[in-house]
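Just so you know, we're using the numbering used here here: the sequence shown kicks off at 1 and counts up by one.
Incorrect hints may have been included.
Result set (DSS-like, lysine-lysine): computed pairs, CA atoms no more than 30 angstroms apart in a straight line [what the hints assert, rightly or not]: (1) 88 <-> 105; (2) 93 <-> 105; (3) 79 <-> 93; (4) 153 <-> 105; (5) 153 <-> 79; (6) 118 <-> 153; (7) 118 <-> 88.
Hints in this document: simulated from the structure, not taken from any laboratory.
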Amino acid sequence: MDKSIKNLKPCCLLLVLMLNIQPLSFSQSKSNQQIAENQNMDSIMQIYSLHNVYFDVESVDIRETEIENLEHILALLNKYPDIVLEIKGHADKRENQRISSLRSKSVFDWFVEHDIAKSRLVYKGLGAVYPAFTEGNPESNQLNRRVEFSIVK
Numbered sequence: 001m002d003k004s005i006k007n008l009k010p011c012c013l014l015l016v017l018m019l020n021i022q023p024l025s026f027s028q029s030k031s032n033q034q035i036a037e038n039q040n041m042d043s044i045m046q047i048y049s050l051h052n053v054y055f056d057v058e059s060v061d062i063r064e065t066e067i068e069n070l071e072h073i074l075a076l077l078n079k080y081p082d083i084v085l086e087i088k089g090h091a092d093k094r095e096n097q098r099i100s101s102l103r104s105k106s107v108f109d110w111f112v113e114h115d116i117a118k119s120r121l122v123y124k125g126l127g128a129v130y131p132a133f134t135e136g137n138p139e140s141n142q143l144n145r146r147v148e149f150s151i152v153k
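Can you build the whole structure from these sequences, using the hints too?
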C-alpha cells in the first residue's frame with residue numbers, strides 16, 4: 001500500500017477509494033497539490049453520506065421521510081457523473097427475497113425518474129441474509145427493512 005494512503009484518516013481513505021482520488025505525495029507536481037488542497041474531504045463525506053433508506057412492513061413504497069436521504073445521494077451522482085451506485089435491498093426475517101429485490105428496484109426507479117442513467121445503477125435484493133440486527137424485536141426488524149448503498153465505481 002502507498003505510504004500516503006496509510007497516513008489518511010479513515011473517512012478520507014474511504015473518499016479516496018470511492019472517488020479514485022490519488023492522495024498527495026511529495027513527488028506530485030505543484031498543480032496536483034493545489035487541487036488536492038482545495039478539496040475539503042471531510043465536508044464532502046458529510047454532505048454525501050450514504051444513509052440507508054427504511055421501509056414499512058411488507059412495503060416497497062419509499063417513505064416521504066426518506067426522500068431527503070435519496071436527494072443527498074442524487075446530488076452526489078449529479079456532481080460525480082462517473083460514479084456507479086449499488087443499491088442493496090434487505091428484509092426482516094419475516095419477509096422474503098422478493099420484497100428485498102422490489103425495495104431495491106423501487107429505489108432504482110426513483111433515481112431513474114430523477115434522470116440518473118440506468119447504466120450508473122446496480123440493484124439487487126439480499127433478503128434477510130445480512131440483518132443489521134438479529135434480536136427479532138420490532139425495532140430491530142424495522143432496521144432490517146432497508147436499502148443500503150455503496151459506490152462500486
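Review point. Does residue 88 lie within 30 angstroms of residue 118 when you go C-alpha to C-alpha?
Key: 15 angstroms, holds
Check your understanding: Regarding the pair residue 153 and residue 105, is the alpha-carbon distance no greater than 30 angstroms?
Key -> Since the Cα atoms of residue 153 and residue 105 sit roughly 20 angstroms apart, the hinted pair holds (cutoff 30 angstroms).
Practice item. With a cut-off of 30 angstroms on the C-alpha distance, tell me whether residue 88 and residue 105 pass. Key: 9 angstroms, holds
Check your understanding: Taken at face value, is the distance from the CA of residue 79 to the CA of residue 153 at most 30 angstroms?
Key -> 14 angstroms, holds
Exercise for review: Starting from residue 93, check that the Cα of residue 105 is at most 30 angstroms away, please.
Suggested key: 20 angstroms, holds
Check your understanding: Within a Cα-Cα threshold of 30 angstroms, do residue 79 and residue 93 meet the stated pairing?
Key -> Since the Cα atoms of residue 79 and residue 93 sit roughly 37 angstroms apart, the hinted pair is violated (cutoff 30 angstroms).
Review point. Residue 118 and residue 153: Cα distance at most 30 angstroms?
Key: 14 angstroms, holds
Hint check: a violation occurs at hint 3 only; the rest are consistent with the structure.
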